[in-house]
Amino acid sequence: MMSDGEFLRTSCGSPNYAAPEVISGRLYAGPEVDIWSSGVILYALLCGTLPFDDDHVPTLFKKICDGIFFTPQYLNPSVISLLKHMLQVDPMKRATIKEIREDEWFKQDLPKYLFPEDPSYSNNMIDDEALKEVCEKFECTEEEVLACIYSRNHQDPLAVAYHLIIDNRRIMSEAKDFYLASSPPDSFLDDQHLTSSGAAVAGIIKPHPERVPFLVAETPPRPRHTLDELNPQKSKHQGVRRAKWHLGIRSQSRPNDIMSEVCRAMKQLDYEWKVVNPYYLRVRRKNPITGMQTKMSLQLYQVDSRTYLLDFRSIDDDMLETKSGTATPLRSGSVGNYRTTIKNDVDGTDAPSASSTVHPPKAAEGSLASSLTSSVDSTGGGDNASVPRPGSHTIEFFEMCANLIKLLAR
Numbered sequence: 001m002m003s004d005g006e007f008l009r010t011s012c013g014s015p016n017y018a019a020p021e022v023i024s025g026r027l028y029a030g031p032e033v034d035i036w037s038s039g040v041i042l043y044a045l046l047c048g049t050l051p052f053d054d055d056h057v058p059t060l061f062k063k064i065c066d067g068i069f070f071t072p073q074y075l076n077p078s079v080i081s082l083l084k085h086m087l088q089v090d091p092m093k094r095a096t097i098k099e100i101r102e103d104e105w106f107k108q109d110l111p112k113y114l115f116p117e118d119p120s121y122s123n124n125m126i127d128d129e130a131l132k133e134v135c136e137k138f139e140c141t142e143e144e145v146l147a148c149i150y151s152r153n154h155q156d157p158l159a160v161a162y163h164l165i166i167d168n169r170r171i172m173s174e175a176k177d178f179y180l181a182s183s184p185p186d187s188f189l190d191d192q193h194l195t196s197s198g199a200a201v202a203g204i205i206k207p208h209p210e211r212v213p214f215l216v217a218e219t220p221p222r223p224r225h226t227l228d229e230l231n232p233q234k235s236k237h238q239g240v241r242r243a244k245w246h247l248g249i250r251s252q253s254r255p256n257d258i259m260s261e262v263c264r265a266m267k268q269l270d271y272e273w274k275v276v277n278p279y280y281l282r283v284r285r286k287n288p289i290t291g292m293q294t295k296m297s298l299q300l301y302q303v304d305s306r307t308y309l310l311d312f313r314s315i316d317d318d319m320l321e322t323k324s325g326t327a328t329p330l331r332s333g334s335v336g337n338y339r340t341t342i343k344n345d346v347d348g349t350d351a352p353s354a355s356s357t358v359h360p361p362k363a364a365e366g367s368l369a370s371s372l373t374s375s376v377d378s379t380g381g382g383d384n385a386s387v388p389r390p391g392s393h394t395i396e397f398f399e400m401c402a403n404l405i406k407l408l409a410r
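In the UniProt record's numbering, the protein residues as written are 1 to 410.
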């Protein structure tokens with residue numbers, strides 16, 4: 001079972017199809033690894049051979065980590081570009097499913113039935129049961145829910161709840177069908193009952209080829225190794241204590257460089273911000289659809305002598321500012337748990353001490369604090385718009401964080 005915020009570390013399967021982060025033993029999320037393997041399969045379908053192959057396993061691993069492969073001249077330049085994008089060594093620069101589906105070569109002669117529009121998301125067909133359930137849970141009228149659905153505002157909590165109910169019902173139905181389909185057939189059960197010993201059963205049930213501990217004397221098919229066989233230290237990692245995860249950005253760059261990159265990224269995203277101090281910013285973003293302001297704070301903390309943590313915190317108009325410039329939440333949707341991170345990494349205290357917060361020299365005139373200050377007034381206020389619903393505010397806060405992190409990771 002995968003826990004929230006936990007990355008994958010398993011190395012299994014054929015190394016010829018494995019991504020560099022898998023064979024290197026690094027942590028990975030999952031989708032980017034599948035994109036790499038799909039790129040290897042696409043290359044094999046087009047060229048009739050594998051992009052990375054060698055009898056000497058260390059040489060094979062070096063080829064995969066370098067990401068250099070031969071491209072035949074007869075391949076279309078557009079598909080070569082797609083292959084290079086899918087077989088990108090850096091997982092952050094690797095193609096995504098969305099980018100692949102938008103690729104011109106992929107869309108060429110693509111049958112429409114392969115990607116039909118989900119009828120459950122059609123505004124023309126309203127699910128009465130889901131509509132009634134939303135009305136009961138949110139204590140609202142059907143007209144209000146229908147107005148949110150027809151407005152096509154995907155961030156509205158009523159519309160989100162409506163589609164989640166439909167999705168959960170579909171997932172439960174598919175899961176039920178899955179367990180029914182995975183039940184062993186009657187003929188298989190009869191064979192098990194007719195056998196007189198476990199050896200006879202083993203003769204009927206053949207193990208998967210990749211799980212066979214040794215290969216027979218026949219000519220082995222490529223690939224000849226699996227990552228399980230090539231990873232003798234795998235058993236050592238079984239008992240490794242799980243690392244604490246944090247929501248934020250860690251960096252070993254200089255504090256001024258970190259904040260400079262953050263401000264440059266926020267300017268590119270059209271965010272507005274106020275510099276409370278050089279390492280604490282209050283940021284806001286105006287929703288182009290609703291016109292409402294979503295606000296958050298960014299605080300840089302020192303984890304150890306070389307590592308800094310940029311913490312994200314959702315704020316609203318009830319947040320108070322202390323004299324030191326750090327936010328004291330009275331009613332906040334904070335999700336950045338820097339206390340847990342610093343507690344485990346520094347001194348075991350329940351909250352960050354004064355020494356944990358970054359205290360740089362006072363910024364001189366014309367420095368980062370004065371040159372990068374955006375046009376936000378001293379109160380941090382904005383349009384006198386009504387406070388958005390908590391659910392919508394939280395979703396928009398996560399979108400702000402995701403957009404900023406994605407831009408900083410490039």
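Rather than coming from a laboratory, the hints here were simulated on the basis of the structure.
We put the beta carbon where it would ideally sit given N, CA and C, even for glycine.
Any given hint could turn out to be false.
Straight-line Cα separation of at most 20 Å, DMTMM-like style, residue types lysine to aspartate or glutamate; simulated pairs [stated by the list, open to error]:
1) K98 <-> D304
2) K62 <-> D90
3) K98 <-> E32
4) K84 <-> E143
5) K93 <-> D34
6) K286 <-> D304
7) K406 <-> E143
Here are the in silico distance ranges between beta carbons for each label pair [what the hints assert, rightly or not]:
8) L164 <-> A29: 42 to 48 Å
9) S173 <-> D54: 29 to 35 Å
10) K107 <-> T59: 17 to 23 Å
11) R101 <-> D304: 25 to 31 Å
Any hints from earlier that this structure breaks? Give me their numbers in increasing order, please.
-> 1, 4, 6, 7, 8, 9, 10, 11
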